[in-house]
Amino acid sequence: MDEEEYERMIQRCLRCSICKWVPQIQVKSQKYATICPAMDEYNFHTYSGGGKIILALSYHLGRIGPSDELRDIVYKCTECGGCAVSCKFLNTLEPLEIMCEFRERLVKDGCGPMPAQQKYIEAVKKVNNPYNEPHESRKEWLPKDIQTDPNSKVLFYVGCTASYRRKEMAIATARILNAAGIKFRLLEDETCCGSPILRTGVKDAFLESMNKNLDAIEALDVDTVVFTCAGCYDTFKVDYPLHRKYNFEVKHTVELFDELIQDGKLKLTTEVPLTVTYHDPCHLGRNAERYEEWDGDVVELMPLVNINIPKKPKRCGAEGVYDPPRNILKSISGLKLNEMERIMEYSYCCGAGAGVKSAFPEFALKTAQIRLDEAEDTGAEILVSACPFCSTNLQDAIKEKGSKLQFYDINELILMALGMDIKKVKEKAAEVA
Amino acid sequence: MSNNSIISNLINICGEKNVSNDASVLEAYSSDMSYVEAKAPLCVAWPSNAKKIEEIVKLANKLYFSIIPISSSAGPRLHGDTIPQKDNCVVLDLSRMKKLLKLDKKNRVMMIEPGVTFGDIIPTLEKKGLKLNIPLHPRASKSVLASTLEREPVTIPRHMWDSSDPLLCTEVIFGTGDLFRTGTAGGPGTIKQQEKAGIAQLNPMGPTQFSPYRVIQGAQGSMGVVTWATIKLEMKPTIQKVYHLQSDDLQELLDFHHDLIKYRLCDELLILNNLNLACLLKQTPQEINNLAKELKKWNLIYVLAGRGKLANDKLEYLMGDIADIMEEQGLDPSKEKEIINDTNILRVLRQPDTDSWRMRLKGGHQDIFFLSNFERIPEFVSIMESQNSYDLGVYIQALNLGTSHHCEFNIYYNPNNAEESKHLKENFLKTCTKLMDAGAFFNRPYGPWAKEAYERHSASTQSALKKVKKIFDPNNVLNPGVLCFDD
Amino acid sequence: MVLEEDTFKEFEKAVGVGNVNDGEVITDAYAYNWCMEMFNYMDGKEPLPYSSRPKAVILPSSTEEVQKVVKLCNKYGIQVKAQSTGLGPWNCVSSNNSIVVDLRRMNKIVKIDEKNLYCVVEPYVSGAQLQAEIMKYGLNCHMPGAGPQVSPLASATSMNGPGFTSPSTGHSSRNVLGVEWVLPDGEIMRLGSWGMKNNPDWFNGDGPGPSLRGIMRGWAGAKSGLGIFTRVAVKLFPYPCSTDFELSGHSPNYDFKIPDFMRLYVMDCKNFKRLDEIIIQVEKEEISFMCSYLSGLAVMAIFANSFEQMMELMAVGGMKAPLVVIIAARTKREFEYKQKVMDYILEKNKLANIIGKQYTPYPVFYAEALRSNLGLHGFIATGGFQSTLGQCDTAKMCLNSATLNVPAKQLFIKKGAVANDFGEGVWMTSYESGHYFHAESPTMFDQTNKHSVKGTAQYFERSNEIGLVKHLGAPFFVEGDRWHDMFGPHMHNYHLWLRKIKEAFDPNNIADGGFYITPGKDKKGALKK
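Residue numbers (the working numbering), protein chains in the order written: chain V, 7 to 439; chain X, -13 to 473; chain L, 5 to 533.
Chain V extracted, bound-state conformation (with noise of 0.2 Å):
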């Protein structure tokens, strides 16, 4: 979004709070109506996307200064973008990117990020991982029994969160890629993708780590990229083109596996009798779709009103990842998948992006526990998801809240149906650990 375009859609807020609601059509209950953690939490309307464009507004016209009340708000949103898709069924504005944008500003003008983020970007810079973790321990997630290959074209970018806090769900995609025969490598040298200091504005960092990614991943012979973690596909899928390109193909684990049930390489043959629900994460869903690039110009139609020729592509999430799995849960035999009523592009967050986690943690179990109610509402036994830091804040969630729901993520799942027994694999996740 460059400057202009920014002046501009800052000044077009309607405020007319569509940004809190999943879109109107989409509304099936008055419990599960809204869209936005932010106003769920903190009420005032200008924690809403419609209410932090007023901000950006205010603070361009300098009727609001730099301040820790305003850096708390804004960075009071976990960017799950689901305002954008509900403003944008018919609206033209861009709350995401605005927000993006706005916290851009405040760092440069020193009103950002939250010094919890400060922390996590530092150690990023540090040890190559916001949890301050050795560097040189991020492949102990790694069994022995896995088989890799350094000269497969297929790279499994594990991701921090899965490499560090989530290795049940990294050794079960290596489990499955062994299982369907599919010879994949690891970086040697992998990195943080840059998503969580890109979500705080901090755009240097942000591109030293992207850079670094990339450079590792160029020096490879390597055609596609596998993550198993949503937020670092979506950095790699969506924000990475924006700022360099590269060559190879990115792919989300439920894509891959998808595939890989539906040409029968992947045999689901053990009954897995669960009731389940999914939960779309925001990076794998909504904001997953990537920029099309649009080359047209702005004409002057009349006075007043202007028309892109050709037609601007809209981004409203449609093109995120919703059928795959979707489609690897009714492979499986027995499964039940009871869907929530908040699903694929205006899905609610699991509260914990953006940063939130670690500067408003509480603020992040809140809106887990929300999604969680809605999750118990469906009947399901099981909460599946498919990006280990949903995972994480949903499992926190569910200790904190007592629910009976279990997690699983969708890969433990696959596990399940190729007869693999889960506990051992968690048990080994736990030995590795």
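In case anyone wonders, no lab produced these hints; they're calculated from the structure. Treat each hint with caution, since some may be false.
Claimed, not checked - Using 30 Å as the maximum straight-line C-alpha spacing, the simulated BS3-like pairs for lysine-lysine come out as follows: (1) K25(X) to K283(X); (2) K416(X) to K283(X); (3) K112(L) to K282(X); (4) K91(X) to K458(L); (5) K201(L) to K437(X); (6) K13(L) to K372(V); (7) K34(V) to K336(V); (8) K295(X) to K504(L); (9) K114(X) to K72(L); (10) K277(L) to K92(X); (11) K282(X) to K92(X); (12) K112(L) to K410(V); (13) K37(V) to K72(L); (14) K114(X) to K283(X); (15) K277(L) to K88(X); (16) K84(X) to K288(L); (17) K112(L) to K34(V); (18) K182(X) to K88(X); (19) K114(X) to K354(L); (20) K320(V) to K34(V); (21) K82(V) to K150(V); (22) K336(V) to K189(V); (23) K277(L) to K227(X); (24) K92(X) to K352(L); (25) K91(X) to K354(L); (26) K218(V) to K251(V); (27) K324(L) to K295(X); (28) K92(X) to K119(L); (29) K72(L) to K13(L); (30) K84(X) to K114(X); (31) K352(L) to K324(L); (32) K277(L) to K372(V); (33) K182(X) to K227(X); (34) K114(X) to K91(X); (35) K222(X) to K288(L); (36) K115(L) to K92(X).
Got chain V; can you put chains X and L on it based on the hints?
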């Protein structure tokens, strides 16, 4: 100021023929069938237009006399709201203001003066292919405007989009003597100018950010004197089919009744007990009693109506859909017994009554009526039945698109039987208060009900109403003593 | 800190910690609103989209908390402006001595009364939320043209209230039953049967005796100038067809399974005279779920989800007097009957339905029609949009008004202040099966362009003047002292009565009357008692 001076001033305004303090004239305005204590007014004046009313109201503010506006002078009047409660009351009898000022078929509206009665207007409307949503078999001499101002229940709930229907715009002289027009009639412009612009005074709301017609309505003449009003009309049906369903179980009929109103399937829709249906249809006490015995206790009457070229098609669809509902509810259509002739029912539903159907059984009746929600109707019926030792008529009327229900109990008695009358009088208010205590909403609190009803209502309502009264009638010249305006 | 520390603490005590904020960041967002720039310009101020900044924003969670807040405002002489979902400049304060009460935390559907066909809602229940819940009972609610995201309570108590489904769901003001209302002096008022001490219930809002609904609001609402509404009962209507609501695909190009018994008609009546006759013919048959006249450009807009898509519909936009009717039915019989009626009307008037022949809308149009989302399409051309005029009585008057407005609008189109709709942009809907009609003139402008804002404001004023001079009724934005004082003398001095109401119910002038009326002053400048 002496009484004579008041009268002479009134004569100056209305002309000698149109003011009277003749004792025999005053007597007719001194009492009615209610238990409100009789009291003679100072005089009666028959103004002929708004200008004169404006002058009289201004005079009342100047000379400190009170005004009781009356539109249906022919009576019998029932509720005590027009009986003087103070000295120096002048009855403003508007029954001679009888002009039908406008009848507009295209826009389904008429503009009438207060003296226009149901007897006057129903035949006129029928000839024009129009229809008014009327109360149940209203007295022919009853003022249409007064009936709407008093929010009398009407019989087609699906055409009652608001509790104020069918009243639309009004011209009113407030208690201050100021002339005002409500709704779109308020302007800008005169009625003629508005008409030129295409306005037909259809929109009752406003002007702008208040709707004074709502505070004039239900005020028993204590806020303003309405000199004309526009009234909402419907198209007259070409075909009507009457249904009469009987049961000993009120709830069974109520459940079916609910679906009829929920899906807006019928025009007239009401429930009567056997005695009231008999009173409506028959003339003599014996005929009434005979028919009542033949009927089951509860009677649901509904009318399906079709209009225009496709009237039959409409009836077919309605009959089919209703048959499905009956089947769903396990209702036996054979309960529809043809004891009663359809034409007779249509007559009482569509035509005015030359006398009063409530008088036929015993020559007298006292009515208790209030609003209830749907669920509590049977409970109120039980309370009433347990409290009553007289012949009891029951009438249940869904209102306002089925959101509330008018519950009316007609206690039939012989007014010439002193003991019966005395006993009823002693127990009447007790029964009413018992119902009020149970949550019956006496939203039209006449006579002695007012005190009881307001006592059972939040104090803020009274306080707000008093503020409103103070604005529109600061000197309390209009019908003092009614509602909650006298401290 | 803007509020005195003690005052802040008292407010905080009333509504709980975290629910009062007087910081500039929170409060500045409440100073901004849609079209504020235009109203500022009309008030002789700089055309910025901000009002004065409220002194604080307060989030009460109950009627009792609202009452405490209002009493504190009386104690400290601070004005209060309430808002529910908060769309529009009337949600902004009109002085620098006002706080905003944001009713956001009052978001309960208190009751869905299937048997008595009403529901009770708090201020922050949205129309879409309410509809989603009542659809489960086969019921529908009225929603204003502003869209399903706004508050049904605000529409019923405080705003105007025409909507696309008005032929079958009426007007917000006329759907009101019981009401809970915190008066400007802090007293709690419960209207009608809800005010009873024994077994209060919401089914009726009138009486005992006169109905205070007439003080509460008129055709337009008091925009919080006469207190704060905390709960309202509103009528419900039968849902027009099957409540199965099957959307598939993704936003914004959802696919929708059009209910079996639902059909759209778009017919060009060619001129207003015929349109007037035909719309009344349709409405007298009591068959329509929706029945609107929309100018050609507006028809294009309701069928499009972007301006580019709208431009693909030029063929539709060429109609001179398009009548848009939707019929819907619960049963096959009902549907066949309604279609027969429409066929008859079409044949009698030699009209053609273009739907399915010249044009077939995307199925999502039907979903939006059922969920009252069509009004929001007014924004897709320029992003800036406001309705001028706003009159309500006969179809003929509405169409006269539209015609008289064309030259005024064209003048501002020529000046480049208003986007070119040939001056014809109008939406007219029937209410209550054609018993009356509402028209407004959607006007597109660019809110970021000062020339456009100023010109649109001037056009807005000109439109109101046309209403006055041509006796078309008071347009729906005749609100605030300036407009009331202009129209009142031509309308039996209604403004003096309205002002008396304000004075009687708000003796300390606490409810912000910027979009209502303010009390008169005596010669010394003190408020009249």
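Quick rundown of the hints versus the structure:
no., hint, result
1, K25(X) to K283(X), "violated (40 Å)"
2, K416(X) to K283(X), "holds (26 Å)"
3, K112(L) to K282(X), "violated (44 Å)"
4, K91(X) to K458(L), "violated (44 Å)"
5, K201(L) to K437(X), "holds (14 Å)"
6, K13(L) to K372(V), "holds (27 Å)"
7, K34(V) to K336(V), "holds (24 Å)"
8, K295(X) to K504(L), "violated (52 Å)"
9, K114(X) to K72(L), "violated (57 Å)"
10, K277(L) to K92(X), "holds (13 Å)"
11, K282(X) to K92(X), "violated (43 Å)"
12, K112(L) to K410(V), "holds (27 Å)"
13, K37(V) to K72(L), "holds (28 Å)"
14, K114(X) to K283(X), "violated (38 Å)"
15, K277(L) to K88(X), "holds (22 Å)"
16, K84(X) to K288(L), "holds (29 Å)"
17, K112(L) to K34(V), "holds (16 Å)"
18, K182(X) to K88(X), "holds (14 Å)"
19, K114(X) to K354(L), "holds (27 Å)"
20, K320(V) to K34(V), "holds (25 Å)"
21, K82(V) to K150(V), "violated (41 Å)"
22, K336(V) to K189(V), "holds (26 Å)"
23, K277(L) to K227(X), "violated (36 Å)"
24, K92(X) to K352(L), "holds (17 Å)"
25, K91(X) to K354(L), "holds (23 Å)"
26, K218(V) to K251(V), "holds (14 Å)"
27, K324(L) to K295(X), "holds (29 Å)"
28, K92(X) to K119(L), "violated (35 Å)"
29, K72(L) to K13(L), "holds (13 Å)"
30, K84(X) to K114(X), "holds (19 Å)"
31, K352(L) to K324(L), "holds (19 Å)"
32, K277(L) to K372(V), "violated (60 Å)"
33, K182(X) to K227(X), "violated (40 Å)"
34, K114(X) to K91(X), "holds (7 Å)"
35, K222(X) to K288(L), "holds (11 Å)"
36, K115(L) to K92(X), "violated (40 Å)"
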